[in-house]
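> The primary structure of each chain is shown beneath.
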Amino acid sequence: MIRSRGSVLAASAFILAGLLLAAEAIVVKVQTTPLRRAPEFFAPEVAKLKAGDRLELLAVQGAWRQVKTAAGLTGWVHSSAADVAKFNLLAMSGGTKTETSAKEAALAGKGFSREIEQSYRAKNPGVSYAWVDKMIALGVPPGQVEDFIAKGKLGEAGGAR
Amino acid sequence: MTARRRPALFILTAVAVGLVVGQGCGQIRLPGKIGDAAQKAKDASKIVKVVRSGFGDITEEEEYYIGRSVAALILSRYAVLDRPPLTQYLNTLGQAVVLASDRPEIYAGWHFLVLDTDEVNALAAPGGLIFVTKGLLSLCPDEDTLAMILAHEIGHITAKHGLQAIKKSRLTEAFTALGAQAAEAYGPAELAQITSIFEGVLSDIVEKLVVNGYDRKSEHEADSLAVKIGAARGYDPNGLLRFLRTMVGDASAVSGKGWFKTHPTPEQRLEKTKAEIGRLKTAPALEDVRTQRFQLAMAHGR
Chain A
1 MIRSRGSVLA ASAFILAGLL LAAEAIVVKV QTTPLRRAPE FFAPEVAKLK
51 AGDRLELLAV QGAWRQVKTA AGLTGWVHSS AADVAKFNLL AMSGGTKTET
101 SAKEAALAGK GFSREIEQSY RAKNPGVSYA WVDKMIALGV PPGQVEDFIA
151 KGKLGEAGGA R
Chain B
1001 MTARRRPALF ILTAVAVGLV VGQGCGQIRL PGKIGDAAQK AKDASKIVKV
1051 VRSGFGDITE EEEYYIGRSV AALILSRYAV LDRPPLTQYL NTLGQAVVLA
1101 SDRPEIYAGW HFLVLDTDEV NALAAPGGLI FVTKGLLSLC PDEDTLAMIL
1151 AHEIGHITAK HGLQAIKKSR LTEAFTALGA QAAEAYGPAE LAQITSIFEG
1201 VLSDIVEKLV VNGYDRKSEH EADSLAVKIG AARGYDPNGL LRFLRTMVGD
1251 ASAVSGKGWF KTHPTPEQRL EKTKAEIGRL KTAPALEDVR TQRFQLAMAH
1301 GR
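Just so you know, the protein sequences line up as chains A and B, in that order.
Read left to right, the first sequence gives residues 1 to 161 (our numbering).
Read left to right, the second sequence gives residues 1001 to 1302 (our numbering).
Pulled out of the complex, with its shape left as it was, chain B reads as follows (with noise of 0.2 Å):
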């Protein structure tokens, strides 16, 4: 080693150095006038806005804060049936399918419940709560169908359908206000005005999933969703088919009410799910252990 090749090794390490303190210490602003709360809460606004702006920034307890009044909301509507065998065997279903999800877990943990009515649907709530109801259930054959349409509406939570229902308008104005204040509470003015704005994001999903439905993309992606964590759960996504093909023709979902209150028709998503059914390497089979507990379960909701 020359004395001239020191100065390189030199600015090597000074460079080296100077890129660990650069990431600590470069950006750091020193701060204004103290005591300029305005300004604060400004630029605390300002620094919201930059970082929340879509839906996919809510944060997981706001979506279970969000998906707990949905479903107060939904339970308004539907009485619910209370038999707990029924509702065990729901939920150590449902459980099974969620952990071959992508979102095996959620704020406050998937859970399930059955509606004491005779219309066939099944609705989400974000934040991983789902509702089937006891006409949905008299039109299953098995177990399989069942898991198939549970992996839908947990398809519709992991892709954060009903989030996306709430208006751009409306969450923009929501980051703002979450944001505006900087003080460790909410003084009455900001809480009534943040009251009034989370009212109406579920209202927004409220009338996404119980009056209007989702849209055709929507769908489309949750059976999806469906034929993908269904078959890696181990059921035979032939299920969503059967029950597709249940509802062809039938009146509530030719009326558009209920699980079809949606654009697609049964037909149209018979032939997108067969197709997504068709692109699996391998799709598991019935097996009649399954079939036989269904039965059992079932029994217990009638």
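Chain A extracted, bound-state conformation (with noise of 0.2 Å):
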């Protein structure tokens, strides 16, 4: 009897436990990232990852977090590339969960967005985007920048952070 109480308060503590934790979700906010196998810039990648995409938080380590995508990846990303949903936390203490999605759904692909760029270029028709695309669309490999690391005697690879 007394054992089957203690799995009662047990199981009811696990139960809560389990909800809170399985609130702890982290947001894509950057236009893509690498899902990485390890805590390191240069670490192999395991999928990539997209604005918005959703993530579960499994832990922490200095500004890398371990997470799980829906598709039931597991690996790291930056903190500067995933984040807890801002508006969603910022409105539970002004609003109530049904204005945060209504919310939610009113920002999604709005504010100053490509639409609002477009709408900007067309008024100002004299505004080149030329070089800005030209300058978007320049990229390094990561290897190319691992290797400058390394002949250049700057450290650990990715940095002290």
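Just so you know, the hints here were simulated from the structure itself, not pulled from any lab data.
Interface residues of chain A toward chain B, partial, derived using beta-carbon atoms under 8 Å: (1) Gln-31; (2) Thr-33; (3) Ala-51; (4) His-78; (5) Tyr-120; (6) Lys-123; (7) Val-127; (8) Ser-128; (9) Tyr-129; (10) Met-135; (11) Ile-136; (12) Gln-144; (13) Phe-148; (14) Lys-151.
Ranges of calculated distance between the beta carbons of each label pair, as one might list FRET restraints: (15) Lys-68(A) to Lys-1160(B): 26 to 36 Å; (16) Ala-137(A) to Ser-1076(B): 17 to 27 Å; (17) Gln-118(A) to Arg-1170(B): 14 to 24 Å; (18) His-1300(B) to Glu-40(A): 30 to 40 Å; (19) Ala-70(A) to Ala-1079(B): 41 to 51 Å; (20) His-1300(B) to Asp-133(A): 18 to 28 Å.
Derived pair list, reagent style BS3-like, types lysine-lysine, alpha-carbon separation capped at 27 Å: (21) Lys-1217(B) to Lys-1168(B); (22) Lys-1217(B) to Lys-1281(B); (23) Lys-1168(B) to Lys-123(A); (24) Lys-123(A) to Lys-1167(B); (25) Lys-1228(B) to Lys-151(A); (26) Lys-1281(B) to Lys-151(A); (27) Lys-1160(B) to Lys-50(A); (28) Lys-123(A) to Lys-1208(B); (29) Lys-1274(B) to Lys-153(A); (30) Lys-1228(B) to Lys-1217(B); (31) Lys-1208(B) to Lys-1272(B); (32) Lys-134(A) to Lys-50(A); (33) Lys-1208(B) to Lys-134(A); (34) Lys-153(A) to Lys-1228(B); (35) Lys-134(A) to Lys-1160(B); (36) Lys-153(A) to Lys-1281(B); (37) Lys-48(A) to Lys-68(A); (38) Lys-1228(B) to Lys-1160(B).
Just so you know, even glycine gets a beta-carbon here, dropped at the ideal spot from N, CA and C.
Please dock the two separately framed chains into a single complex, following the hints provided.
Here is the structure:
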């Protein structure tokens, strides 16, 4: 009898803890970011994540977050690439959950976006984006950066953070 | 276990379950009249106001779109020095430095470009778009100095100094307009209004970046961040001192043009930066291998 009551208590606590932990999710906030095998910049890539992808937070190590994707893949992302859904948290203090989701839906694809840029460009045809697009397309392969760091005797490949 | 303790167990379990359920459902409010679009829009606007109030609430994606247009406006004032080997070197160096910052990943990545002018200047548009002039490169004696200048510009972006230049009233107006309509797309009137606010946002930032320059506090903060980021990467932070010394008494610094279009003079910045370097546990030293590759890359810019 005692054991079974103990089990009920333990189970309640377990359910409570489980439900609270399940709320620990982070969202990718950059266009794309690699899901890495280890908490290092040049670790092999497990998958490519994109803006808006929701990730289950498993562990924290410095600026790195160990996460699980919706597809069940586990790996590491840098905290500058994924964070708790900011508006959700902020809204909790002022609004209700229903309002938050309504607001999130309202903001999806909104804000200063491609649509606003297009509208600005139509109004200001003299402003050229040709070099901006070329600049955004400039890329350096991660291996090249790693090599540059090593050959330049610049310490740990990932920096101090 | 006695019968007396049974209710206590029940209460405990009920409280635990109540807590969990309360988290999920306790705050749900039933929707009002269906079809009351005006009220919905009003509510949405109110929520956005509550949720977004300052420059810190600008999303990564919005920062990127603001930065693209700021960059386009910078590029309408300056020509690009299009030398692929130099651009490639600058971008590799820049990537190495950003990895030591607290924002190594940014919406569409960090990108660097050389501007074809003798003016001594470096500019950082929000969203990770950094420009350095040919005139500035010609005054850098080594890779470490250039790395420290890039670290300073990276510092302006990680600290969101460009976004802070947006007038508070404009930001409030923007957040209200952006969230005012719950529909999927903006109507022509909303689009025109938001575009006009967007133009204002760009003008606030460009005025600060190109015309007036940052204030004393932002410049010192960027210098301080540069010392931290540069040294964490492995660069000699004294590179920043070398550059600031070059600028002491220089006509462009005295007249407040280019990189010194700010209130703190090179002398004031030197003093604070020296103190900042003094606070480091260890400061990395110069390496010949870096200076050599820097000189090779710079030869492409001449």
